[in-house]
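Q: Below are the chains, spelled out letter by letter.
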Amino acid sequence: MVDPSNGAVYAQVEGIGPGTTRSMPVDVGSGEYAFTCTGQDYGIRNGPVVQVPGKAGGGTAVLVLDQDQQNSITTRARAYVASGLAALVAQTAALVTDIRTGNLSAARVAWLTAHLTWERLGSAYGMFGSYDDAIDGLPFGVAGGVSAPGFTGFYRLEYGLWHGQSSAELSGPASQLGVQVRALQTAWPSIELPPTLAVGDLALRTHEILEDAMQNQLSGLDDFGSGTTLATFAAGIDATRAQLGILRPLLASRYPQTAALFSSLNQLQRLIDAEKTSHGWTSARDLSSPQRERLDAAAGQTVELLSPIPVIFEQERPIP
Amino acid sequence: MSEHGRPTGDDRSLPSNPASNPASNPDVGDCPVRSARPGRRTFLRGVVGLGAAGAAGTAVGIADVHSAHAASQSSATQTDVAGPADPQGRLAPVPFQGVHQAGILPPSQRQTIAMAFDVVAGNRGELADLLQTLTQRCRFLTSGGIPTPAGATGPPSDSGILGPTVVPDGLTVVVGMGASLFDGRFGLASRRPAHLTAMTPFPNDNLDPAQSGGDLSVQLSAGSADTLLHALRDITRHTRGGMQLRWRMDGFASPPRPSGTPRNLLGFKDGIANPDTASATEMSQLVWVRAGTSGEPGWTVGGSYLVIRLIRMFVEFWDRVSITEQENMIGRARDTGAPLDANSEFATPDYAADPDGAVIPLDAHIRLANPRTSQTSANQILRRAYNYDRGMDVVGNLDQGLIFTCYQQNIKRQFETVQTRLIDEPLVDYVSPFGGGYFFAVPGILDSGDYYGRALLP
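Chains as they are written, first to last, in my numbering: chain V, 1 to 320; chain C, 1 to 458.
Fair warning: there could be bad hints in the mix.
To spell it out: a stretch of chain V is covered by chain C in this simulated footprint if at least three of its residues, at any positions, have a beta carbon under 8 Å from a beta carbon of chain C; those stretches are [said to hold, decoys possible]: (1) 2-11; (2) 20-26; (3) 216-226; (4) 299-306.
Label-pair restraints from in silico Cβ distances [to be verified]: (5) C/Pro458 x V/Leu197: 49 to 55 Å; (6) C/Asp86 x V/Arg78: 53 to 59 Å; (7) C/Gln136 x V/Asp66: 36 to 42 Å; (8) V/Gly172 x C/Gln136: 29 to 35 Å; (9) V/Val109 x C/Ala189: 54 to 60 Å.
Calculated from the model, a selection of chain C residues having no Cβ within reach of chain V, i.e. all distances over 10 Å [unchecked claim]: (10) Ile113; (11) Phe182; (12) Leu229; (13) Pro255; (14) Trp299.
Since the hints were derived computationally from the structure, they do not count as laboratory data.
Using N, Cα and C, we set each Cβ at its ideal position, and we do this for glycine too.
Okay, chain V solo, but in the shape it has when bound (with noise of 0.2 Å):
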């Protein structure tokens, strides 16, 4: 259902089979509206517009994007991924070099360095495809689990670093997540979205890279031995920050709560900043109860008011 006069759309149904009834729950003021269809085997159709008379308040319309916005955000959201490949891959080489010398106290700070920048790449949903579990998997669910052979990457060398593994054991794996990283800088371009599909991917990954920072980060679940899942999800926040800085120049007008956004936002930065040290982060474990709260709050909120956002740019994500 859209706003006839500039095509803004008040709600949408997507996939409705053959012959079957869905609902749309609109809430309808004063106005003009119309329905148009978008089919598989059909162009667009649109339906007759409708006055509804009366000065009633009701809905609002979202605005959808023109092919430039589009391109324009996409090329920006390359960029982003683009300059961060590069910084990963010399990163990561330092850490392997680290390791392999045997310089594993050097390497346990290569490896925040390097692991902080994977996350502020900001991947979530897949966005790289295999080179995701390859570069950050988890051994859960893993026969074997942090000794089985399949456990490669980032979680892998935390464990090592950080439970006594020596240089010759460390090597391999090291070696692995060099050869991996370089791999994914050479095949990012083909792996890239088209721009009609990756401004919907880029508003999901706005609001989805806080969720899985606050599962897995804030509450330690992913804490290997390095006790710096704060400092990850500190990074979840830059990766945030950048999503939502492409997307902006778009959100004001399409988005009541922004300012609320960002001032959630600058409220969980303050907060999670303060674990930050002379003597490095506060592992997520020795949060106290109160901490904890505060944290959890402002991540709460926050995650709140972003989940708006893959709503709102949910028909840039063309019917499959």
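Position chain C relative to chain V; hints supplied.
A: Frame of chain V, contents of chain C only:
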């Protein structure tokens, strides 16, 4: 666990005996004289009481009188809070507004969630925002309706647990404030209710800080568990930035087995004696903070002190105890609920006739909790208990027990006095209080612009 009833007794089945009824004692100025009534009449009186308290209004219907009368001679069962259920078993709405919070006087409903939150709001303005949001959500949830569609502007505004239209299902809410809310954070120290403190640990308690206290208590009660989970999800979703859940316990009230007062998980009818919620006089003497009470800040008028105690029951052990010992510990017959010196659940025990405890031991729970003397009448509390069952503990025992809640005008004079009498009662070997807290249930929501604690936050 406690039975803190009125000393006048709730003698529903026996003719009144002026000679043995303490209510006729002229010393008991606080207690209105009333004669015993048969079951139907006392049930109706309970219904009127709800209406008078602004809790149920006209929603209470005749159909329920039949079912409750057939089921029970009790003054109130948990099914009569919100009037008749619809064909799907959903209860009618309980009016949200009133001088007192609507969830306080009604009898226990079938399901409850008792919980406490820590306020994370940073200042008084944010606290007011939080309380306004909480009020707004509770207003919607208790009255029901169609959630505003989000359309293309966001994810669905409602979890959908109750279907496309939110049904009220008799939902009631009681919001309380803990003493910790009156620390320095919001500049409210001088406005703390006079008797509000952190929960006093008693000698047989084993209080876990993580399951005790909290800045705000919220108790949701309704006919079904899904109604409560829907309300819980809605409330937490809208208040994430302002408060965080500190502890939570889900509970239920059993149906009458086979009649009368619901049973707890020790198998005994629990909460037989209670003050008369239909009596405005009695409620104003025992439950509500009154205008002009010495030391009480003005904003507290119409509120009530709430004690929540989470009490584990060692049910495996209990089930290995002889019936004689069980009944002597409680002071009532397990099958009927009657005091051991009588034949009816609602009979008043005659302790004067049993001074040495030959029939009802001197340390029986009901005798210590409510000695039924003129001196102890002002100690009575309005008690609302729920059973809980949450699986098992880490060593393999069933984790079952009681969510004890009670309302009163003054915690020291009432709950703490009664609980002090119960110290070291024989029952302590079978139960362990481990959580809960003291809260002040704020005054009711008066109109569409009102919110929880508005008078506190001018």
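Q: Please go over all the hints and tell whether each is borne out by the structure.
A: Hint check results:
1. 2-11: holds (count 3)
2. 20-26: holds (count 3)
3. 216-226: Coverage by chain C is violated here, the residue count being 0 at a Cβ distance below 8 Å.
4. 299-306: holds (count 3)
5. C/Pro458 x V/Leu197: 49 to 55 Å: holds (54 Å)
6. C/Asp86 x V/Arg78: 53 to 59 Å: holds (57 Å)
7. C/Gln136 x V/Asp66: 36 to 42 Å: holds (38 Å)
8. V/Gly172 x C/Gln136: 29 to 35 Å: Violated, at about 59 Å.
9. V/Val109 x C/Ala189: 54 to 60 Å: Roughly 47 Å apart at Cβ, these two residues miss the hinted range, so it is violated.
10. Ile113: Its Cβ never comes within 10 Å of chain V, the nearest being 19 Å, so this holds.
11. Phe182: Given that every Cβ of chain V is farther than 10 Å from that of C/Phe182, nearest at about 17 Å, it holds.
12. Leu229: holds (18 Å)
13. Pro255: holds (37 Å)
14. Trp299: The claim stands: C/Trp299 keeps its Cβ more than 10 Å from every Cβ of chain V (closest is about 26 Å).
When held up to the earlier numbered hints, the structure conflicts with 3, 8, 9 and fits the remainder.
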